[in-house]
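K.L.:
Listed below, chain by chain, are the residues.
There are 2 protein chains.
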Amino acid sequence: MPGEFDFISWLRGQQRRTALVPVPAGDDLAVVRWPVADLLLVGVDQVLDGVHFDSAVHAPRLIGAKVMNRNLSDCAAMACLPAVAVVAAALPAGRSLEYAKELYLGMQEAGRAFDCEIVGGDTGTWAGRLAVSVTILGRSAGVEPVTRAGARPGDGIYVTGPLGGSLHLTGAAEEGLRAGRHMTFTPRVALARDLAARYRVTAMMDLSDGLSRDLGHICAASKVGAVIDAARVPVHGHAIAHGGDALMRALNDGEDYELVLTSPDAISEELATRVGEIRAGGGVVLVREGREEALAPRGWEHSL
Amino acid sequence: MPGEFDFISWLRGQQRRTALVPVPAGDDLAVVRWPVADLLLVGVDQVLDGVHFDSAVHAPRLIGAKVMNRNLSDCAAMACLPAVAVVAAALPAGRSLEYAKELYLGMQEAGRAFDCEIVGGDTGTWAGRLAVSVTILGRSAGVEPVTRAGARPGDGIYVTGPLGGSLHLTGAAEEGLRAGRHMTFTPRVALARDLAARYRVTAMMDLSDGLSRDLGHICAASKVGAVIDAARVPVHGHAIAHGGDALMRALNDGEDYELVLTSPDAISEELATRVGEIRAGGGVVLVREGREEALAPRGWEHSL
Chain G
90 MPGEFDFISW
100 LRGQQRRTAL
110 VPVPAGDDLA
120 VVRWPVADLL
130 LVGVDQVLDG
140 VHFDSAVHAP
150 RLIGAKVMNR
160 NLSDCAAMAC
170 LPAVAVVAAA
180 LPAGRSLEYA
190 KELYLGMQEA
200 GRAFDCEIVG
210 GDTGTWAGRL
220 AVSVTILGRS
230 AGVEPVTRAG
240 ARPGDGIYVT
250 GPLGGSLHLT
260 GAAEEGLRAG
270 RHMTFTPRVA
280 LARDLAARYR
290 VTAMMDLSDG
300 LSRDLGHICA
310 ASKVGAVIDA
320 ARVPVHGHAI
330 AHGGDALMRA
340 LNDGEDYELV
350 LTSPDAISEE
360 LATRVGEIRA
370 GGGVVLVREG
380 REEALAPRGW
390 EHSL
Chain R
90 MPGEFDFISW
100 LRGQQRRTAL
110 VPVPAGDDLA
120 VVRWPVADLL
130 LVGVDQVLDG
140 VHFDSAVHAP
150 RLIGAKVMNR
160 NLSDCAAMAC
170 LPAVAVVAAA
180 LPAGRSLEYA
190 KELYLGMQEA
200 GRAFDCEIVG
210 GDTGTWAGRL
220 AVSVTILGRS
230 AGVEPVTRAG
240 ARPGDGIYVT
250 GPLGGSLHLT
260 GAAEEGLRAG
270 RHMTFTPRVA
280 LARDLAARYR
290 VTAMMDLSDG
300 LSRDLGHICA
310 ASKVGAVIDA
320 ARVPVHGHAI
330 AHGGDALMRA
340 LNDGEDYELV
350 LTSPDAISEE
360 LATRVGEIRA
370 GGGVVLVREG
380 REEALAPRGW
390 EHSL
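Sequence lines, in order, name chains G and R.
Using the numbering used here, the first residue of the first sequence is number 90, and each one after it goes up by one.
Using the numbering used here, the first residue of the second sequence is number 90, and each one after it goes up by one.
With the rest of the complex left out, here is chain G (with noise of 0.2 Å):
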């Protein structure tokens, strides 16, 4: 039966020593030069079995490409380029080493899409449900870090790409498809840094919880309210095949991993779609059909 250190040393093997990282996983720590005109930049993010993914519908390959992809999608969120990862899983006793090595593989193929290398991780195996943690380390590199605090009254408002039903299998036959776009979506890394580079990006993130509640968490960072506009909101494919109320779906829906952010320029609108307007005073408010209405947060929540 195949152990933990078997399936460490098939790791080690998929290790690369890079100028950055001359010791990488397998001893205690690995050893980073972090380059010495960089801010750091530093966040983790989970993924958790009947949450986030379902194990008995999606590929290990596929699960571990998402957790990769969310902590990538906060690097963009930040403007900042990633650099290194450390992973931690928790498998389901009974598992294959196979499955772990996909799992793996799939975090793998994603960082390096961004040349993010894995330096280090922890394997356990319980009796448990699968559970994998992905922190991501990255770097300024000539882009100053862009937070949820900037956004000032008459900014615009603006988002990366269409909105809502990223949660929902579309019935297509294709993997990628069925399994909604939450489990295959691409970071915004090179978009966010191109522009925080162009244009004075006040306030930015990445939308995992919708943009009713992400916005809102601006406004509250930034001690500003924000107006949207209905007829402005880019609503997804998905979000209307769907059915039900598709804007609606777009505003809360979540896990669409395209960025939120306000600038007082006038972005391209190849970039990115203006939907609205910082102001004074807070809150997050809607207007359709020229009547206003508070957006509650409707968003993604856990509770305790």
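Because the hints were derived from the structure by calculation, they are not lab data.
Treat the hints with care, as some may be off.
You can't tell identical chains apart in this list, so a pair holds if it fits in one copy or across any two.
Here are the simulated SDA-like pairs of lysine to any residue, each with C-alpha atoms no more than 25 Å apart in a straight line [as the list claims (entries may be wrong)]: (1) 190 to 320; (2) 190 to 139; (3) 190 to 371; (4) 190 to 104; (5) 190 to 140; (6) 190 to 218; (7) 312 to 97; (8) 312 to 148; (9) 312 to 124; (10) 312 to 98; (11) 190 to 380; (12) 312 to 387; (13) 190 to 101; (14) 190 to 306; (15) 190 to 107; (16) 190 to 309; (17) 190 to 251; (18) 190 to 241; (19) 312 to 99; (20) 190 to 269; (21) 190 to 106.
Mind docking chain R on chain G? Use the hints.
P.N.:
Quick look at chain R alone, frame taken from chain G:
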């Protein structure tokens, strides 16, 4: 019913802005000004219910302390200074906000004992069991990191304290003892840095899987062999109290969180106990009553 965002609000109130951390948790990523002269060391270690602790027995504050201390112990193993940490927790549905806070406070207290702030995290609730992972960032801060790969024939092998019986209840009424030392150990950070500053420490690890297995890792990484003198191995009172072959407990039980290190220097007996010597070849042997026997790694290994 309290939700994730109530917990996040509480967490933000816990966090300190420091010279090292101008933007703490609460944004997509925390921003850290990495000290330019320092190598960065990074790794992740998790604890899983039923494997590393038992949530039916151990209080959440103790569980939080253990996972942070395991990571601080990894810093000790490399002789680096703990800097900042991020945490991911998967909480079983129905656990109270109070439980989550206790878990966090356990991590925070353990970290702050070493000036290591928690700067970010991800908390989720699920139908699964309790899993907590901590990623730690350490600084070289004037001491070259010590890997597992530098042991040379003729080096002495040292351990920093008595071994064995860490996992076992002692029957004492006091909570810490009842839980076993594996829940309540003190990471050897200061001792590790003192040793690495005063002596030529050629290889070092913290003892989590048992001396037989962990010394095997040093031998494999350094391409050397090791001879352990049975009469010199310091056996912990808990190993003796448990009954059976106390020496085998000391060599194999694991979760001691003492350090094993190699050095060509004569290290003061007040700091560490010499238990054997590195030699050419490979593998770990035990010399007991003049007879040499192969010491198979019988320490902790999870099977996949």
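K.L.:
Hints first: check each against the structure and report whether it holds.
P.N.:
Going through the hints against the structure:
1. 190 to 320: neither (46 Å within a copy, 42 Å between copies)
2. 190 to 139: both (21 Å within a copy, 24 Å between copies)
3. 190 to 371: Close neither inside one copy (47 Å) nor across copies (29 Å); limit 25 Å.
4. 190 to 104: Close inside one copy (13 Å), not across copies (37 Å); limit 25 Å.
5. 190 to 140: Classified as both; 22 Å inside a copy, 22 Å across copies.
6. 190 to 218: both (17 Å within a copy, 23 Å between copies)
7. 312 to 97: So residue 312 and residue 97 pass the 25 Å test across copies only (18 Å; inside, 48 Å).
8. 312 to 148: neither (42 Å within a copy, 39 Å between copies)
9. 312 to 124: Classified as neither: same-chain Cα gap 34 Å, cross-chain 32 Å, threshold 25 Å.
10. 312 to 98: between (51 Å within a copy, 15 Å between copies)
11. 190 to 380: neither (54 Å within a copy, 42 Å between copies)
12. 312 to 387: Answer is within: at 20 Å inside a copy they meet the 25 Å cutoff, but 58 Å across does not.
13. 190 to 101: Classified as within; 12 Å inside a copy, 36 Å across copies.
14. 190 to 306: The answer is between: 22 Å across copies meets 25 Å, while 37 Å in one copy does not.
15. 190 to 107: within (22 Å within a copy, 39 Å between copies)
16. 190 to 309: Between copies only: 23 Å across chains, 42 Å inside a chain, cut-off 25 Å.
17. 190 to 251: neither (34 Å within a copy, 37 Å between copies)
18. 190 to 241: neither (47 Å within a copy, 34 Å between copies)
19. 312 to 99: Result: close only across copies, 18 Å inter versus 50 Å intra.
20. 190 to 269: Classified as within: same-chain Cα gap 23 Å, cross-chain 34 Å, threshold 25 Å.
21. 190 to 106: For residue 190 and residue 106, the Cα distance is within 25 Å only inside one copy (20 Å; across copies 39 Å).
In this structure, the hints that do not hold are numbers 1, 3, 8, 9, 11, 17 and 18, in rising order.
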